[in-house]
Amino acid sequence: MSRFSTSPGLAIRSWPGESTAAVFVDDTVSTHLVNEAAAALLELAAVQTVTIEEVSASLFAAGQPVDSSSTDIGGDLQLIDETIIGLVAAGLLRRVE
Amino acid sequence: MTTSVNDPLLSVLLDPGDTASWTGQEWTLAFRQARFSGLAGRLADRLLADPLAPKSACPGALQSHLEAALRVCKAQQAEVLRETKFLDQALASLGAPVVLLKGAAYAAAKLPAARGRVFSDVDILVPKQALAKAESLLTLHGWMTTEESEYNQRYYRRWMHELPPMRHLQRGTVLDVHHTILPETARLRPDAAKLIAAAVPLAGTRVLHVLAPVDMVLHSLTHLFMNDDMTHALRDLSDLDLLLRAPQGQDCTWDRLLPRARELNLERPLFYALRHLRRVMKLPVAERLVTASAADGPGPALGRAMDWIWSQALSAPIPPKSHVARDLALAALYVRGHWLRMPPLMLIQHLAIKALGLHKNKQGTAKSAARDEAANF
Amino acid sequence: MTLRLSELSLSQTRARLSSAPGLRLRMGPFVAAVQTPLPDVASSIHLLYSGYPLVEEDGFVDFSVSIRRPAGLRRYWNPQVTFGLDGQEPFNPLPGDQGFPLLEWGLNWCVYGMCNQYLILHGAVLERNGRALILPAPSGSGKSTLCAALLFHGWRLLSDELTLICPKTGELVPNPRPVSLKNASIEVISRLEPGIRFGSRIEETTKGTVAHFAAPASALALAHQPALPGWVVLPKYRAGSSTLLQPIEKARSLMHLAENAFNYDIFGREGFEMLADLVDRSDCFTFEYSNLTEAIDLFSRLADGAAAGVAT
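Going down the list, the protein sequences come from chains A, B and C. Under our numbering, think of the first position of the first sequence as 2, with each following residue one higher. Under our numbering, think of the first position of the second sequence as 8, with each following residue one higher. Under our numbering, think of the first position of the third sequence as 8, with each following residue one higher.
None of these hints come from the bench; they were simulated from the model. Check each hint, because a few of them may be wrong.
Capping the alpha-carbon separation at 27 Å, the derived lysine-lysine pairs in BS3-like fashion look like this [to be verified]: (1) C:Lys214 <-> C:Lys189; (2) B:Lys201 <-> B:Lys289; (3) B:Lys62 <-> C:Lys214; (4) B:Lys117 <-> B:Lys289; (5) B:Lys92 <-> B:Lys62; (6) C:Lys175 <-> B:Lys81.
A partial selection of chain C residues facing chain A, derived with a Cβ cut-off under 8 Å [as the list claims (entries may be wrong)]: (7) Glu256; (8) Gly275; (9) Phe279; (10) Met281.
From chain C, some residues computed to sit far from chain B (all C-beta separations above 10 Å) [stated by the list, open to error]: (11) Glu64; (12) Gly66; (13) Asn85; (14) Asp93; (15) Gly94; (16) Gly103; (17) Asn123; (18) Asn136; (19) His160; (20) Pro201; (21) Tyr244; (22) Arg245; (23) Ser307.
Ideal Cβ positions, reconstructed from N, Cα and C, are used throughout, including at glycine.
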């Protein structure tokens, strides 16, 4: 089971009520615009390493369903999985062994 | 515009405290000289950041520019250090040492010579037999050879001491891979294997090394006094000065300098280095070393000519002084630099091809691009 | 009482321009020393820099620049002009009648290329009631025309091209210079403000026809006074469109500002935090328009704190 953490030197800035957040990565000196789900995920992964399941549980527990139109947990897990893949590709998230 | 201070930039670099009576004029000149010579960052470090430097009376407007220069140096140094990490990853399986050279080495080893310095390309030295594998590992990790002209590709690979510059596809950073420090065709043949054998591993990395302290000094002065690109001669001299003033390993470096130079066939560039470091940077050099090195100098006629040439090349002109003398000196050095590297017949051919513009005119293109960008409002 | 360039005669201006140390003027936070032997450039300088304070002999100079003819025989049949900084010529020359635009472009280049004491955005910035309106945008967005119109209707010009943000305070630093307009905009603004005095119209530049008018005296009088963040508005001129101001998310606004910053890479993380603080303290919008009068009216209402939203 893969665990993920944020890349070192990550800074996230978001504003209440907005659906996007801005992220800066020290390692690559790059700036990114991410959606709500990704921002929530990054905030979790910044505190401690997470798995897909932990992210999902945390987001649901916080009353913040990742995809409100999806009716099954499988669909949300898939969305989180895709978000993680995207964030890893963009250098915002890292797989931790 | 006249000033009583002969060379404001050197004056303030050598003694920041001696500026109490300066007006805006002297400060303006010093800063213009610094910008012209690529020494703005070093001036900034000396006046603002160096805890050992005496306090100066620097005006507020200049202080802003100096803070800006330090900001640039800091950003570039961070980038160079990131590049060394990527290099360590890419070349981890090379099976041979990878020696960082020049700025990247100063930054990675946290030397005083890294302070206030601008960084651009990263230079590394690998054993000649590892060159092909190094190139393929680098290509695998995203670096690509940049030199387009087929003539220059051949020139680099066959006659120079390095691969054509490689640019990283994603990051855009430039890497120069050397297998010796002077071209194989040059009159002087320092043995790279000796340099690599004496290289010091860099803590916290898998394959990276830096040159031994005395070799680092010799490489720096060889690069300056045997090179053909003189645009940053004064800046390179300043680096060399800081290397030699550095407290660590000082005594053994001075004692080993001349014997090692003779061992590596670099005694003539060492002679020029000691001579001009004393003259320009007022570096204290032990008399016995000066006397011993004198034997390695050129004959009187050539000596006078070289003194004039180097005094021009190692100066930061104060505008609006004419640059004609300096340009002539630089042109002479350019030819000399190539003469030291290539047999005469090849030299004539190489210069002719460059003169006829059969090789891409990068300078003209860059100037047009800069102008068009500035006009793009 | 500081002497301004307008208090010199044209021949006095020409005399200072044609010998070292040149004509020294304060332009916002910078002091420039300008030299040129060319009479037409001198006339443009005398007209368009007339409001700048003169700087005394002994002061520190940020940029020593010149406009000259390049050396060589060309000067006789096809004269050109070249820009000089610290004894070097960073650009290729331009046709001989483009001396003043070249000086302006060169000075802009000095600022955005070398003044990393500020985070510098490509965009216009104006001030009203102490708050800054930033219009970040590359050429072709209509920001220059909009900026030129607004500065005659209650807004103080800080700059029409380069937005300077101070890293220590987050304030917008004024750098008012002659406003440049291109092609159709020249006519549009002339009709809107018949009293404007333009310098020479220069034709056939890479951007078409270019003309400048001097920054208003009121802007120059307050050039030492920074502004706090207020509004970030991404402008887009579209022929025939209605006047439309729409809020956009601050994170998006931040990205747009970063894309329009010259030295964002040099500032790195510090730059990111500066822009985040800027959008945090600003109201952010996109703006589409075709009618200048309506646009002016909308921005007045924006400044007066009227509810922002869709306007037709």
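**Report entry** Beyond 10 Å from every chain B Cβ - status for Ser307 of chain C
**Finding:** holds, 27 Å
**Report entry** Status of Tyr244 of chain C, Cβ more than 10 Å from any chain B Cβ
**Finding:** For Tyr244 of chain C, whose nearest Cβ neighbour in chain B is about 16 Å away, the distance exceeds 10 Å, so it holds.
Query raised in the report: Regarding the pair Lys62 of chain B and Lys214 of chain C, is the alpha-carbon distance no greater than 27 Å?
Result: violated, 49 Å
Query raised in the report: Is the hinted pair Lys201 of chain B and Lys289 of chain B satisfied, with a Cα-Cα distance of at most 27 Å?
Result: The given pair, whose Cα atoms are some 31 Å apart, is violated under the 27 Å limit.
Requested in this report: Below or equal to 27 Å on CA atoms is what counts here, so check Lys175 of chain C against Lys81 of chain B.
Outcome: Holds - the C-alpha atoms of Lys81 of chain B and Lys175 of chain C are around 17 Å apart, at most 27 Å.
Query raised in the report: Going by Cβ atoms, does Gly103 of chain C stay more than 10 Å from chain B at every point?
Result: About 15 Å separates Gly103 of chain C from the closest Cβ of chain B, which puts it past 10 Å; holds.
Query raised in the report: Checking the smallest CB distance to chain B, is Arg245 of chain C really beyond 10 Å?
Result: For Arg245 of chain C, whose nearest Cβ neighbour in chain B is about 21 Å away, the distance exceeds 10 Å, so it holds.
Query raised in the report: Are all C-beta atoms of chain B more than 10 Å from that of Gly66 of chain C?
Result: violated, 4 Å
Report task. Sort out whether Lys62 of chain B lies within 27 Å of Lys92 of chain B, counting only the CA atoms. Result -> violated, 37 Å
Requested in this report: Taking the shortest Cβ-to-Cβ distance between Asn85 of chain C and chain B, state whether it exceeds 10 Å.
Outcome: holds, 17 Å
**Report entry** Hint check: 8 Å Cβ-Cβ cutoff, Glu256 of chain C to chain A
**Finding:** holds, 4 Å
Requested in this report: Verify the proposed pairing of Lys214 of chain C with Lys189 of chain C, using a straight-line Cα cut of 27 Å.
Outcome: The given pair, whose Cα atoms are some 7 Å apart, holds under the 27 Å limit.
In this structure, the earlier hints numbered 2, 3, 5, 10, 11, 12, 14, 15, 17 are contradicted, and the remaining ones agree with it.
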